[in-house]
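*Asks:* Residue numbers (our numbering), protein chains in the order written: chain A, 1 to 690; chain B, 1 to 690.
Don't read these hints as lab results, they were simulated from the structure. Treat the numbers as computed from the prediction; the structure is a model and nothing was measured. Take the hints with a grain of salt, since some may be wrong.
[To be verified] Just a few of them, taken from the derived set where beta-carbon distance is under 8 Å, the chain A residues facing chain B: (1) Ala39; (2) Arg55; (3) Ser134; (4) Asp417; (5) Pro425; (6) Trp476.
[As the list claims (entries may be wrong)] DSBU-like mimics (lysine-lysine), calculated; alpha carbons at most 30 Å apart, straight line: (7) A:Lys491 x A:Lys452; (8) A:Lys377 x B:Lys370; (9) B:Lys370 x A:Lys452; (10) B:Lys370 x A:Lys140.
Think of the CB as a built atom: it goes at the ideal place given N, C-alpha and C, for glycine as much as any other residue.
There are 2 protein chains.
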Amino acid sequence: MIKSGEKTSTVRTAVSVTTAPPKSQDNSASEDLLRRLAANRVAIEGIEPEIDGGRFPAKSVVGAPFIVSADVFGDGHDSIAAAVRYRARGTERWSEVPLEFVVNDRWQATLQFTENRMYEFTVIAWRDLFATWSKDTAKKFAAGQKISLEVEEGRLLIEAAEAQLRSSGAKSEAGALADLIARCKAAESDQDALALLSSDATAELMRQHGVRTNLSHYERILEVFVDRKAAAFSAWYEMFPRSQSGDVNRHGTFDDVIDKLGYVRDLGFDVLYFPPIHPIGKTNRKGPNNTLSPGPDDPGSPYAIGSEAGGHDAIHPELGTFDDFDRLVAAAADHGLEIALDIAINASPDHPWIKQHPEWFDWRPDGTIKFAENPPKKYEDIVNVHYYRDAIPGLWHALRDVVLLWARHGVRMFRVDNPHTKPFPFWEWLIAEVHEEFPDAVFLAEAFTRPKVMKRLAKVGFSQSYSYFTWRNSKWEIEQYLTELTTEECKHYMRPNFFANTPDINPIYLQYSGRPGFQIRLILAATLGGNYGIYNGFEISEAAALPGKEEYLDSEKFQLRSWDFDQPDNIKWDIQFLNRLRQEHRALHDFTSLQFYNADNPQILAYGKRTPDLDDFLLFHVCLDPHSAQQTTFEVPLWEFGLPDDGSIEVEDMVTGHRFRWYGKTQTLRLDPYYKPYAIWRLVRPGVSD
Amino acid sequence: MIKSGEKTSTVRTAVSVTTAPPKSQDNSASEDLLRRLAANRVAIEGIEPEIDGGRFPAKSVVGAPFIVSADVFGDGHDSIAAAVRYRARGTERWSEVPLEFVVNDRWQATLQFTENRMYEFTVIAWRDLFATWSKDTAKKFAAGQKISLEVEEGRLLIEAAEAQLRSSGAKSEAGALADLIARCKAAESDQDALALLSSDATAELMRQHGVRTNLSHYERILEVFVDRKAAAFSAWYEMFPRSQSGDVNRHGTFDDVIDKLGYVRDLGFDVLYFPPIHPIGKTNRKGPNNTLSPGPDDPGSPYAIGSEAGGHDAIHPELGTFDDFDRLVAAAADHGLEIALDIAINASPDHPWIKQHPEWFDWRPDGTIKFAENPPKKYEDIVNVHYYRDAIPGLWHALRDVVLLWARHGVRMFRVDNPHTKPFPFWEWLIAEVHEEFPDAVFLAEAFTRPKVMKRLAKVGFSQSYSYFTWRNSKWEIEQYLTELTTEECKHYMRPNFFANTPDINPIYLQYSGRPGFQIRLILAATLGGNYGIYNGFEISEAAALPGKEEYLDSEKFQLRSWDFDQPDNIKWDIQFLNRLRQEHRALHDFTSLQFYNADNPQILAYGKRTPDLDDFLLFHVCLDPHSAQQTTFEVPLWEFGLPDDGSIEVEDMVTGHRFRWYGKTQTLRLDPYYKPYAIWRLVRPGVSD
């Protein structure tokens with residue numbers, strides 16, 4: 001509070017009568033200038049999606065609905081019309097889709113893009129004088145007022161449209177309006193003329209051809225990058241090619257991988273992803289379990305890239321040649337699989353670039369190279385490039401050319417290692433450059449870091465993002481995180497890829513869950529997300545860990561392994577079943593159609609996915625407890641179908657194939673993780689014969 | 001779901017090995033271009049306030065804290081530094097305020113502007129290599145690692161800063177760093193050198209002078225219009241000058257108003273606002289209670305502006321002359337009051353502009369002028385200008401000059417009638433033009449319309465806005481609406497003015513509430529809002545209505561009235577008390593400091609206002625039921641002061657002056673609307689002697 005004695009007035013601004021001669025206002029300001037200021041009379045605001053004021057493109061995929069919303073309104077009470085304009089970037093001509101009024105000055109249009117490329121879009125709006133005239137005149141006529149003048153005013157609006165068409169050379173359209181004008185003039189009464197002017201046909205003609213009074217343009221042109229579908233919907237399987245010989249003493253080859261393609265395809269995956277396949281450094285090579293004393297035959301970490309055999313543009317000799325690689329890519333395509341490679345911008349101390357381009361690296365005052373570090377830890381098998389200073393432009397071009405090299409060998413999916421430790425402008429430039437030649441290239445960001453950094457990487461162009469999914473195990477965590485991902489602004493540019501495990505992450509949950517936990521994390525990954533993946537061993541519930549760590553014991557990162565995926569208790573049936581479900585159900589193709597539902601047991605997660613028309617609607621129940629059977633009452637989302645709480649709906653149990661009806665909104669179920677920790681129901685929209 | 005037979009694959013994009021020669025990538029792209037793309041390495045996002053991507057300025061007032069927040073982060077783990085840059089628009093030199101890290105990559109700075117004008121601001125950020133070095137080296141030293149090279153690297157960073165200062169001519173600062181470098185070189189051990197390099201003094205020197213590596217600029221320069229304080233904190237009293245003679249048969253004059261200034265000032269108001277004071281048209285003049293058959297002496301509506309005596313730039317002859325008006329403005333200033341005028345862009349059919357500038361008006365096919373209408377209703381005493389076509393530039397200049405004319409006669413507050421029925425670009429232009437000469441001009445938008453339209457008017461420049469307050473009576477309505485206004489984005493640009501009644505709004509609630517209802521609406525208006533107002537008659541609970549309408553019976557809009565505000569049961573004590581409270585308590589000066597608290601009776605509203613330092617903290621309880629006493633338990637917000645639930649706090653009852661302590665978070669009170677429907681408590685921050 002203010003103490004006594006202080007001046008308490010905050011509003012006693014002295015008001016004085018100005019006696020000085022008025023400052024001359026610029027009445028001579030050109031009329032043109034004022035007309036420019038007066039443009040855009042109709043307000044166009046709040047466009048969604050618009051990422052950071054248009055700084056970044058939104059994302060969509062070919063053929064998917066792309067919904068544009070905007071607040072559009074004018075002054076006064078005149079009718080408004082609005083449209084979304086869009087075009088492929090680099091082309092001239094705009095296409096138009098009308099915006100439809102929704103509620104509270106909000107308008108919406110649904111676009112659908114046909115090409116895998118960057119598009120531009122914006123919103124225009126105008127005062128629709130004919131619609132205003134129609135609305136007002138109908139009220140006056142209904143109130144019994146004389147409408148002779150109104151009829152004349154309506155006809156004049158049509159004449160203006162006709163004149164505009166004529167002068168633009170649209171003769172047949174102008175003819176239709178001229179005919180209407182003539183009939184209007186010939187009408188025997190005001191009422192007859194009004195009937196003509198108020199017809200649906202006239203409204204449609206004027207909607208198309210009426211003069212767009214006060215045509216207003218949103219102040220920015222926005223962008224949307226339209227990916228191919230796999231950028232938003234893909235199932236990944238990760239393996240180390242060098243472990244595919246079936247013998248831990250023999251280094252695997254690309255031909256060994258070719259032998260495994262049938263297995264991966266039978267599981268239902270779309271993408272086969274390899275950690276780096278480049279020559280591995282010898283200096284400071286790591287031994288098994290990340291030890292510092294390797295034996296002479298230890299293969300080292302594939303992330304320590306570069307030896308005398310080459311760097312990021314070379315293949316580790318023991319894996320094969322470029323010809324072998326090309327054969328693998330072709331064989332994968334024959335199996336309906338595509339290959340994803342790892343882009344890891346690390347160098348072993350033996351990487352050729354260190355000698356060829358010392359200016360790309362950091363050197364210390366004593367002339368030694370600066371190793372990677374996270375003080376006080378040092379990583380002496382890896383050095384990092386620095387990207388700026390003398391690394392521009394050489395390094396940037398070299399790294400772009402590495403990606404292009406592999407793209408030219410048929411690779412279109414790139415998992416990028418730790419992109420958050422490399423500059424954002426570098427990625428924005430590199431991805432745009434690659435998309436120039438290969439718009440179908442998909443980049444998956446492996447950035448386990450802070451949320452805004454993850455989102456920034458998605459904004460600058462990454463097609464997919466690793467997420468926190470791996471560490472979201474409880475019901476409230478999953479509901480909260482997935483609600484953020486599917487409903488907040490990031491849904492327009494960030495597409496998570498729900499890897500259930502990776503060579504770097506042996507989740508604590510899975511270390512203690514046993515087989516049911518793997519089934520649980522599998523169904524969550526495969527059905528909550530559009531993109532998901534597993535790293536091999538998941539199918540046999542592999543979880544042997546370095547004690548107290550999220551690292552796998554005897555990790556393939558440092559040694560060869562040989563796997564037997566046919567051992568009893570594997571979960572291959574679940575993998576095949578869920579991958580087939582993903583393919584067959586459009587409800588699962590749109591990540592953002594997720595909706596959580598009530599189930600009163602906190603160990604049972606309930607959620608649904610649907611197509612916009614509800615023709616495909618799947619309801620999921622997952623027991624999050626891998627140890628004990630859980631029972632719950634749950635809500636059947638009858639309201640989504642417009643059904644009352646005591647209504648009934650036809651249901652198909654997707655696991656057993658049983659069909660029956662649920663009567664009433666509240667039902668119960670029991671899930672025993674040792675039998676099957678999930679249930680999947682297809683709800684049949686009433687009226688659909690199926 | 002997908003029917004059998006359909007192609008079900010969505011991800012089987014054919015992958016082919018490209019055999020065509022690679023498309024040549026532009027390796028010759030100039031290094032300059034790449035360096036431009038590589039700029040802004042540090043991400044700067046999510047700046048608040050930023051209105052519509054920077055399309056509109058935010059608002060602040062002179063001397064108030066202006067908080068700027070932003071997400072700022074780099075790649076990797078280096079330390080980041082950031083600052084807000086700001087300058088008066090039209091000046092060259094930026095000032096800087098450091099941004100401080102808050103949480104989750106969010107940074108914040110508090111600015112304070114000294115001048116009533118438009119400012120620009122933006123955010124810069126850079127990699128702080130010295131801070132990174134300090135952090136990393138401390139960890140290595142703590143781990144017992146050798147740090148000779150690190151000491152040298154730290155010194156090199158200081159040498160770079162010294163060189164930069166020297167080349168920019170900052171000799172004394174460079175000298176301080178040179179001294180530090182010399183002492184560092186002379187240190188007897190690495191540990192001594194590290195102590196020197198790690199001192200607070202060195203950190204501060206390098207914070208100020210360190211090289212700003214990868215200096216990054218936010219991509220937009222944003223604006224904030226800094227008003228004088230009264231734009232955000234003012235108490236308005238509205239009267240019709242023509243009703244101030246004390247005799248319904250004698251038209252009041254400006255001199256009659258001068259006689260009332262003491263009364264208005266004694267009530268504690270800051271602003272005295274008049275409906276239009278211009279000549280009133282005779283054609284189709286309205287009679288009492290908006291009838292169409294006026295008597296010869298009926299004065300007509302002051303909103304039907306314009307007669308042979310002039311238009312918006314003239315004074316209704318019966319009120320006085322420009323000299324009289326100037327005397328009134330000066331006398332008001334002597335009373336600490338300022339005059340607010342009404343800008344109503346309506347014309348009576350007798351307005352001089354209709355003949356002088358027929359091109360500013362709409363004409364019908366039969367040559368008659370188009371009256372205002374809301375079909376099927378017609379308003380035959382008013383015509384509207386149309387703003388576009390031939391009205392540019394003449395009408396715009398004429399209307400701007402009207403405002404400037406009154407501003408030059410000492411008026412700085414303008415209540416604008418129905419701005420939402422005039423084009424947004426017109427207001428944006430007019431307000432900017434007036435602010436060029438009179439930055440202290442305040443514009444209050446009277447737009448009772450849809451929410452987004454109200455907000456748009458605030459964005460284009462209106463300083464204050466009428467609101468829905470008048471129709472928000474129940475607890476949940478008030479809590480919901482005020483939470484929107486004080487916490488959502490609109491708080492940065494829209495300042496409501498809570499008028500409790502107006503000549504157009506005789507609220508239904510007050511028609512049935514009796515005197516307690518007027519006290520209730522008064523305290524809500526005066527303490528929930530920064531700006532508020534009443535229209536005369538409120539102080540004597542005037543609520544006689546046209547039956548079934550929100551219109552006053554015998555409204556001053558159509559006839560002269562004479563008022564006796566000394567009648568018993570007036571609420572002048574409450575008005576004086578609350579206006580004094582507003583002046584004396586800084587807690588009430590920031591509209592957005594509002595916080596609602598729990599009170600378990602839905603008829604009792606509980607809320608607090610505070611200064612950021614809690615030195616001034618007021619707690620309010622208002623009984624919303626004007627008919628019955630209500631009792632409630634309520635929460636004393638002990639937690640706001642860091643006190644436990646069983647703590648105690650000193651309290652002053654602001655109505656009675658009693659002082660005591662509340663022990664514990666839960667208390668009870670009873671409010672009897674026939675005694676006093678509100679309670680106001682000052683909570684004394686522990687540790688403050690008072």
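*Asks:* Holds or violated: are the alpha carbons of Lys377 of chain A and Lys370 of chain B at most 30 Å from each other?
*Replies:* violated (82 Å)
*Asks:* Tell me if Arg55 of chain A is really an interface residue toward chain B, meaning its C-beta lies closer than 8 Å to one of theirs.
*Replies:* holds (6 Å)
*Asks:* Is the hinted pair Lys370 of chain B and Lys452 of chain A satisfied, with a Cα-Cα distance of at most 30 Å?
*Replies:* With Cα atoms ~56 Å apart, Lys370 of chain B and Lys452 of chain A exceed 30 Å; violated.
*Asks:* Given a cut of 8 Å on the nearest C-beta pair, is the interface hint for Ser134 of chain A held or broken against chain B?
*Replies:* Violated: closest Cβ of chain B sits about 11 Å from Ser134 of chain A, beyond 8 Å.
*Asks:* Does the nearest C-beta of chain B fall within a distance shorter than 8 Å of the C-beta of Pro425 of chain A?
*Replies:* holds (5 Å)
*Asks:* Is the hint on Trp476 of chain A kept, meaning its closest Cβ partner in chain B is under 8 Å away?
*Replies:* Interface hint status for Trp476 of chain A: violated (19 Å vs cutoff 8 Å).
*Asks:* Is it true that the CA of Lys491 of chain A sits at most 30 Å from the CA of Lys452 of chain A?
*Replies:* holds (14 Å)
*Asks:* Could you check if Ala39 of chain A really has its C-beta closer than 8 Å to a C-beta on chain B?
*Replies:* holds (7 Å)
*Asks:* Verify the proposed pairing of Lys370 of chain B with Lys140 of chain A, using a straight-line Cα cut of 30 Å.
*Replies:* holds (15 Å)
*Asks:* Asp417 of chain A was flagged as interface toward chain B. Is the shortest Cβ-Cβ separation under 8 Å?
*Replies:* This interface hint is violated because 14 Å lies over the 8 Å limit.
The structure fails to meet hints 3, 4, 6, 8, 9 from the earlier list, while all remaining hints are met.
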